[in-house]
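Use these hints to put chain V onto chain Z, whose structure you have.
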Amino acid sequence: MADKSFFVDTSICSACRGCQVACKQWNKNKAEVTTQRNWGNYQNPPDFTPNTFKLVRFNELEEGNTVKWYFFPDQCRHCIDAPCIEMARGLGSKSISQDAATGAVLFNSKIKVSKADFEEIRSACPYDVPRRNEKTGTMAKCTMCFDRITNGLQPACVKTCPSGAMNFGDRDKMLALANKRLEELKTKYPKAQLLNADTVRTIFLVVDDPQKYHKLAAANGTFDITRLAAIKKMIRPLSNLANWLG
Amino acid sequence: MKISRRNFIKASGVAAAGLGLSQLGFDLSPIESYAAELRIRNAKETTHICCYCSVSCGQIAHVSNGKLINFEGDPDHPISEGALCAKGASLYQLHDNPHRLKKVRYRAPYSAKWKEVSWEWALNKIAANIKKSRDASFMEKNAEGKVVNRTNGIASVGSAALDNEECFIYQQFLRGLGLIWIEHQARI
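Order-wise, the sequence lines are chains Z and V.
In short: position in the first sequence from 1, add 802, done, that's the working numbering.
In short: position in the second sequence from 1, add 568, done, that's the working numbering.
The shape of chain V in the complex, shown without the other chains:
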C-alpha cells in the first residue's frame, strides 16, 4: 500500500494530539476499554455439578444482584479441577438462551408441524402410549413355557440428567412394567 496524503496527515495529526493530551495526564490507551472491572468480581459464587454426563464436573455459578451472570469450571473440584468440555462450558446457555424450549411441544405421527401442549396432556399421552404398547407386547411365558413377564415393545434410553437415586426409582418403575431394554446415557 501507499501512504496517501490523507492518511499521512491523519496519522501525524493523531500522533501529535496523542502526545499533547498524554502530557496533560489523559490516558488515551485503547487498552482501557478492556481493563474494565471484571464482571464476576463481586458476584456470589455457588458450587454446582454439571448436569450433562456422568463425569459430574464441578462448576462455579456466579450470581450478581440475584441474577446468574456466569458459569465456569471449579478449580477446587477433585474430579475436574476446573476443566469443562464444550457442553459443560456452555451451561450458562441452559439458563439464558432465547432458543431454549420452555413449553412442551408435540408432533403427531405423520405431521410436519409441532404444536404446543400442556404438561398434563403430554404426561397423559405418554401414559396412554405406554399402556397401549405394554398391553400389545407383554409376554407372560417364553417359547419354552418359562414365566418371564416381560414387555418387549418398549425400550428406555437415557438419561444423564438423572442422579443416582432418581435412576434407582426410574429403573424400579421400568422393571415393574417388565422392560428389559434399559440403557443409561453413561453407557451410550
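Next comes chain Z alone, as it looks inside the complex:
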C-alpha cells in the first residue's frame, strides 16, 4: 500500500460537521457533555478530547463592516517525521508507532502512558492533537481509520463529506490535487496556501491567513524544526545503544 494523505479543501467546507459525527460513529466514541451555550460559538466541543478525534473549528472575525466565518475541520496531521513518536521513543514508551506502508501515526489503545510522559508527548505536537483518557491512562487521536483504509475503504470523515472538502488517497495524487486547487483559488484569493504540505499527511488548503482559522492551523516553521531536531538529538544515545545491543 502506498503512502497515504488527506487533502482538506477548507474553501468548500460548509462546516456541516458530517465528518465529526461520522468519525465518532465509526470509532464508537462517546458523546461529550459540552457547554456550547456558554461560550458563544457554534463549535462543539471546544477542543479535541480522548473521544473527539475530528473537530470542525469555527472562528468568527470582524473585518471592516462584515463578519467573516472561518471553518477548519481539524485532525491529526499524521506527520512525515512525527515529533510525538520521537518524544515517546525518547521516553521509552512504545505507545506510538507509524505504519510503514500508509504512514499512519497510531497511538496504541492498550499501552498506558503516565500523565507526566503524556504532557511531554502532547507538548511535542505542533498541532496539539494528542489526548489522554484519564480513566484508562491511554492516549487517543485520529487513527486515519486504519481498519478501513487497510480494507480498501475511505476514512469515515472522507466518505461522508457532502461538499468534497475532505479527500483521501495516495500521497502523490493528493499533492497533485492540492496543487491544482491551489492554482485555481490563487487567482481569486491571493493568500491561498497549503499548510505544511511537505511535512504532514493531512494537507489543509486555506484561502486566508492560517491564524484566522485556528491558532495552530499551521506549524510555526522554526518551532517545528528546532523542536524535532532537539528531540532527535536527545534520543540519539539511546538508538546507538539499541543498535549496539542488537
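No wet-lab data here; the hints were simulated from the structure.
Even glycine gets a Cβ: it sits at the ideal position worked out from N, Cα and C.
Fair warning: there could be bad hints in the mix.
25 Å max Cα-Cα, derived SDA-like pairs, lysine to any residue [unchecked claim]:
#1 Z:Lys-830 x V:Ser-724
#2 V:Lys-635 x Z:Gln-827
#3 V:Lys-670 x V:Ser-724
#4 Z:Lys-912 x V:Ile-608
#5 V:Lys-670 x Z:Glu-834
#6 Z:Lys-912 x V:Glu-605
#7 Z:Lys-937 x V:His-667
#8 Z:Lys-937 x Z:Gly-954
#9 Z:Lys-975 x Z:Ala-942
#10 Z:Lys-832 x V:Arg-609
#11 V:Lys-612 x Z:Gln-827
#12 Z:Lys-912 x Z:Ile-882
#13 Z:Lys-830 x Z:Tyr-844
#14 V:Lys-681 x Z:Thr-836
#15 Z:Lys-912 x Z:Arg-924
#16 Z:Lys-1014 x Z:Val-869
#17 V:Lys-655 x Z:Thr-851
Pairwise CB distance ranges (calculated) [as the list claims (entries may be wrong)]:
#18 V:Ala-696 x Z:Asn-853: 43 to 51 Å
#19 V:Ser-701 x Z:Glu-986: 55 to 63 Å
#20 V:Ala-729 x Z:Ser-925: 45 to 53 Å
Not the full set, but computed from the structure, chain Z residues with beta-carbon under 10 Å of chain V [stated by the list, open to error]:
#21 Thr-836
#22 Lys-961
#23 Pro-964
Just chain V now, with coordinates in the frame of chain Z:
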C-alpha cells in the same frame, strides 16, 4: 525535558527486548491493535433512504448476526454518492441510543415535569385538543360574507419523516379540518 536514569534504562531495556523478540518472529508492532478485522467485513448490506430531510440521501445498513452494527453513506446512490451530513451520519443512533425516548411523554400546561403516558391516552388527548380548538376557531364566512370554512386556530408544521404518499394523506386530513396554515419541513 531531561532523560532520567529510570527512563534511560527503561528505553534501552525495551529496545533490547524488542529486538530480541522480533528476531524470534514475534510481531510487537502496536499497529496490530488497529489492524483487526474490519467489523463490517462479513455484515449483510441493505440499502436505505435517510429519514431526516427531503434530500433523501442513500445509506447502507450493515447487519451482522441479526443486529444492526453500522450505518454509512451509499456510494452507489445517484443523489448523495456516499455523502451524509451530520444528521445522516448519526443515523445509527436512531437505532441504538440510550437517550432515545421509547414511550410517550406528556407535560401538562404550567407543569415543570414530564410524565409517561400511553399511546391511546396521547392520541385521544390530541384528538380532544383538535376538536376543542377547531370548534372555537372555525370560521364559516369571512368578513365579506364569502363561504371559507376554515380553521384559523390550528397550524401544522412538519414532518420530514413522512414520505410523499403519507404527506398526501396527511394534507387531505388537514384540509378536511379546514387548516390553512400548513408547512412541511422541506420548506422550513
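A quick look at each hint next to the structure:
| no. | hint | result |
| --- | --- | --- |
| 1 | Z:Lys-830 x V:Ser-724 | violated (37 Å) |
| 2 | V:Lys-635 x Z:Gln-827 | holds (16 Å) |
| 3 | V:Lys-670 x V:Ser-724 | holds (24 Å) |
| 4 | Z:Lys-912 x V:Ile-608 | holds (22 Å) |
| 5 | V:Lys-670 x Z:Glu-834 | holds (22 Å) |
| 6 | Z:Lys-912 x V:Glu-605 | holds (17 Å) |
| 7 | Z:Lys-937 x V:His-667 | holds (23 Å) |
| 8 | Z:Lys-937 x Z:Gly-954 | violated (33 Å) |
| 9 | Z:Lys-975 x Z:Ala-942 | violated (28 Å) |
| 10 | Z:Lys-832 x V:Arg-609 | holds (23 Å) |
| 11 | V:Lys-612 x Z:Gln-827 | holds (18 Å) |
| 12 | Z:Lys-912 x Z:Ile-882 | holds (24 Å) |
| 13 | Z:Lys-830 x Z:Tyr-844 | holds (23 Å) |
| 14 | V:Lys-681 x Z:Thr-836 | holds (24 Å) |
| 15 | Z:Lys-912 x Z:Arg-924 | holds (18 Å) |
| 16 | Z:Lys-1014 x Z:Val-869 | holds (12 Å) |
| 17 | V:Lys-655 x Z:Thr-851 | holds (21 Å) |
| 18 | V:Ala-696 x Z:Asn-853: 43 to 51 Å | holds (45 Å) |
| 19 | V:Ser-701 x Z:Glu-986: 55 to 63 Å | holds (57 Å) |
| 20 | V:Ala-729 x Z:Ser-925: 45 to 53 Å | holds (48 Å) |
| 21 | Thr-836 | violated (15 Å) |
| 22 | Lys-961 | holds (6 Å) |
| 23 | Pro-964 | holds (4 Å) |
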